[in-house]
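**Q** Hey, can you work out the whole structure from these sequences and the hints?
Top to bottom, those sequences are chains A and P. Mapping of the first sequence onto the numbering used here: position 65 corresponds to residue 65, and the numbering continues sequentially without gaps. Mapping of the second sequence onto the numbering used here: position 205 corresponds to residue 205, and the numbering continues sequentially without gaps.
Since the hints were derived computationally from the structure, they do not count as laboratory data. For each residue, glycine too, the CB sits at the ideal point set by N, CA and C. Incorrect hints may have been included.
[Unchecked claim] Here are the simulated lysine to any residue pairs, SDA-like style, with alpha carbons at most 20 Å apart:
{"#": "1", "chain 1": "A", "residue 1": "269", "chain 2": "P", "residue 2": "233"}
{"#": "2", "chain 1": "A", "residue 1": "269", "chain 2": "P", "residue 2": "240"}
{"#": "3", "chain 1": "A", "residue 1": "269", "chain 2": "P", "residue 2": "119"}
[What the hints assert, rightly or not] The following residues of chain P were derived to be distant from chain A, with all beta-carbon distances above 10 Å:
{"#": "4", "residue": "25"}
{"#": "5", "residue": "71"}
{"#": "6", "residue": "110"}
{"#": "7", "residue": "188"}
{"#": "8", "residue": "200"}
{"#": "9", "residue": "206"}
{"#": "10", "residue": "209"}
{"#": "11", "residue": "270"}
{"#": "12", "residue": "275"}
{"#": "13", "residue": "278"}
{"#": "14", "residue": "288"}
{"#": "15", "residue": "290"}
{"#": "16", "residue": "309"}
{"#": "17", "residue": "323"}
{"#": "18", "residue": "332"}
2 protein chains.
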Amino acid sequence: MTPQITRISLKDYVPKGHATLSDFVIEQVPTPTKDQLKDGQIILHPLYLSVDPYQRGRLSGAKGSYVESYVKGDTITNFLVGKVTASASKDLQEGDFVLDNHGKWQTEYIVDAKDVSKAPKLDGISPEDFVGVLSMPAFTAYYGAVVLAKPKAGETILVSSASGAVGQMVVQLAKAKGLRVVGVAGSDDKVEYVKRIGADAAFNYKTCGNFVDAIKQAAPQGIDIYFDNVGGEFLDAALANIKDHARIVICGAISQYNISSPEEAYAIKNLTNILIRKASITGFIILEHFNTPDHENFVKEVTKLHKEGKIKYRTTETKGLENAPQALLDLFSGKNFGKSIVKA
Amino acid sequence: MTPQITRISLKDYVPKGHATLSDFVIEQVPTPTKDQLKDGQIILHPLYLSVDPYQRGRLSGAKGSYVESYVKGDTITNFLVGKVTASASKDLQEGDFVLDNHGKWQTEYIVDAKDVSKAPKLDGISPEDFVGVLSMPAFTAYYGAVVLAKPKAGETILVSSASGAVGQMVVQLAKAKGLRVVGVAGSDDKVEYVKRIGADAAFNYKTCGNFVDAIKQAAPQGIDIYFDNVGGEFLDAALANIKDHARIVICGAISQYNISSPEEAYAIKNLTNILIRKASITGFIILEHFNTPDHENFVKEVTKLHKEGKIKYRTTETKGLENAPQALLDLFSGKNFGKSIVKA
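**A** Spelled out as structure tokens, the structure:
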């Protein structure tokens, strides 16, 4: 009998509301074998999966959204770090560590070597750092807070989901750039953590009362940069607190992910402040910025800061590929702390 | 008896709603005389006043808005072109044409020569062109549509208030840059005018029905650039129609000018599209961009296009300084057509 491996796929689309475990299929399938490899292909064994909020949108089946939906029945994919277990490619050898932006949630899978990249060997960096301190959310933080927002020392930055995968990196990068940092998180524990990694002020949005006032209290002079991870009402409150020439960068709208129509979305009242304050709002998706000089600068700069101890990166690790769907669902219950990864 | 001249001042603040003629004082005051001039001063006689929508905000008495409010009792000020009638300055002579960003709505007034600038003598350009084809609204159009939006030939631009002082220039600049232009205006006459100056498609927002559908019909492939002159519901509809990497520039929010609190403002439902479409919204106020290379480029580029006949600029001229308040009020009734100027 062929040895069996685990494969995780989407059972059916979840256009709105919260997804549940029953929306996934976790099944045993035959393991791929070396004789199935075509020229240039490898068998990849995932070691660490990245689990990210933007994947919620990919469960919806919606077309024309900012990332493509998963296809019903297909294996779930996302960024992962894996190890080559067999190779018919001259570029990769058994034992190599590789990065796969579209890695499969399957114990072993066949992929073209040209569609993955060898993990750079960097002094003081291990393969799992590519789902950690050098992961996609970490790059998201860098791209938004550094490349787009062009921070100047002495400015004030507000960060929502500040203990999250993106937020904790924003907090630390902003401190390294000499900014005053105000972090927002969803529990007192997270608020403590945000302060511990360097935020000058932080508050719990679940207990702070009126958002506009809470921001004003934490940043009486106003906000130069708002790194938005939540959208909706909190974004509106931030808009009410921006200074002249403020930059708002939007890398996610987690509070809006489970909403399918504009009618259900929170409506923004303070957008006119963009005019009044000569400010800007810029949305971006990080997948478009890999393989650019910005990504090279990110790896260089963050590796250096990490080695100097100026950046720490907290992860929540779930063990076992079969538990990856639960890890994804946990992102939306507010249980996770830092970047979510699965040790496969 | 001292000869008398006309002076227009603000009677009282108009924090919200529509202003009326009774909010202004039009009175006769003594004419300034040459012997009142201190060293470096001139007497300026306004020839052409610029009348602009942003002045509505300056009637409010509100502090911390994007332009300073007028002060109750003080003479109304705005950009104008005038002629020197007396000079105690070595830099300006009687008969010189000058530009004054803060010119007074008064038949003659004393001003420091250093606070005004001599009108550049340009081939084919007359002094009144500085309230016309080279006016502040024209520069606004250039700054938003060219400097900020960075248009690429073949892209589609949507322009609201397309027959207005800013909009008509946006339409023509965009055509000169090889864009497909969709103009929106508030009457069938204006729509015809917008088409005549080059828009590929145009519609009347008062009769088009649902805004989202009307934009979709005029731009089935979506919008790359939206030059927003109105804010509110139309901005929301534009957000629903943006393409990937769209740029929205906001130079005004005329539909929101008479609103004093966010609670009364139209709430925006489609802001999440900024993330989904990796787009941006940027607000600006043109007063910050005079005396910059951008302004020099504007004067050069637009003068050239004007001489080549590629840009025409329609104005609505009101005669008589004393009629300037009515010209300002007419901006908000939708009666005006093109840039509003007063021949003083």
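**Q** Evaluate each hint against the coordinates.
**A** Hints, verified against the model:
{"no.": "1", "hint": "A:269 with P:233", "in the structure": "holds, 12 Å"}
{"no.": "2", "hint": "A:269 with P:240", "in the structure": "holds, 17 Å"}
{"no.": "3", "hint": "A:269 with P:119", "in the structure": "violated, 42 Å"}
{"no.": "4", "hint": "25", "in the structure": "holds, 28 Å"}
{"no.": "5", "hint": "71", "in the structure": "holds, 20 Å"}
{"no.": "6", "hint": "110", "in the structure": "holds, 32 Å"}
{"no.": "7", "hint": "188", "in the structure": "holds, 29 Å"}
{"no.": "8", "hint": "200", "in the structure": "holds, 24 Å"}
{"no.": "9", "hint": "206", "in the structure": "holds, 22 Å"}
{"no.": "10", "hint": "209", "in the structure": "holds, 18 Å"}
{"no.": "11", "hint": "270", "in the structure": "violated, 5 Å"}
{"no.": "12", "hint": "275", "in the structure": "violated, 4 Å"}
{"no.": "13", "hint": "278", "in the structure": "violated, 5 Å"}
{"no.": "14", "hint": "288", "in the structure": "violated, 7 Å"}
{"no.": "15", "hint": "290", "in the structure": "holds, 14 Å"}
{"no.": "16", "hint": "309", "in the structure": "holds, 33 Å"}
{"no.": "17", "hint": "323", "in the structure": "holds, 29 Å"}
{"no.": "18", "hint": "332", "in the structure": "holds, 16 Å"}
Checked against the numbered hints given earlier, this structure breaks hints 3, 11, 12, 13, 14; the rest are met.
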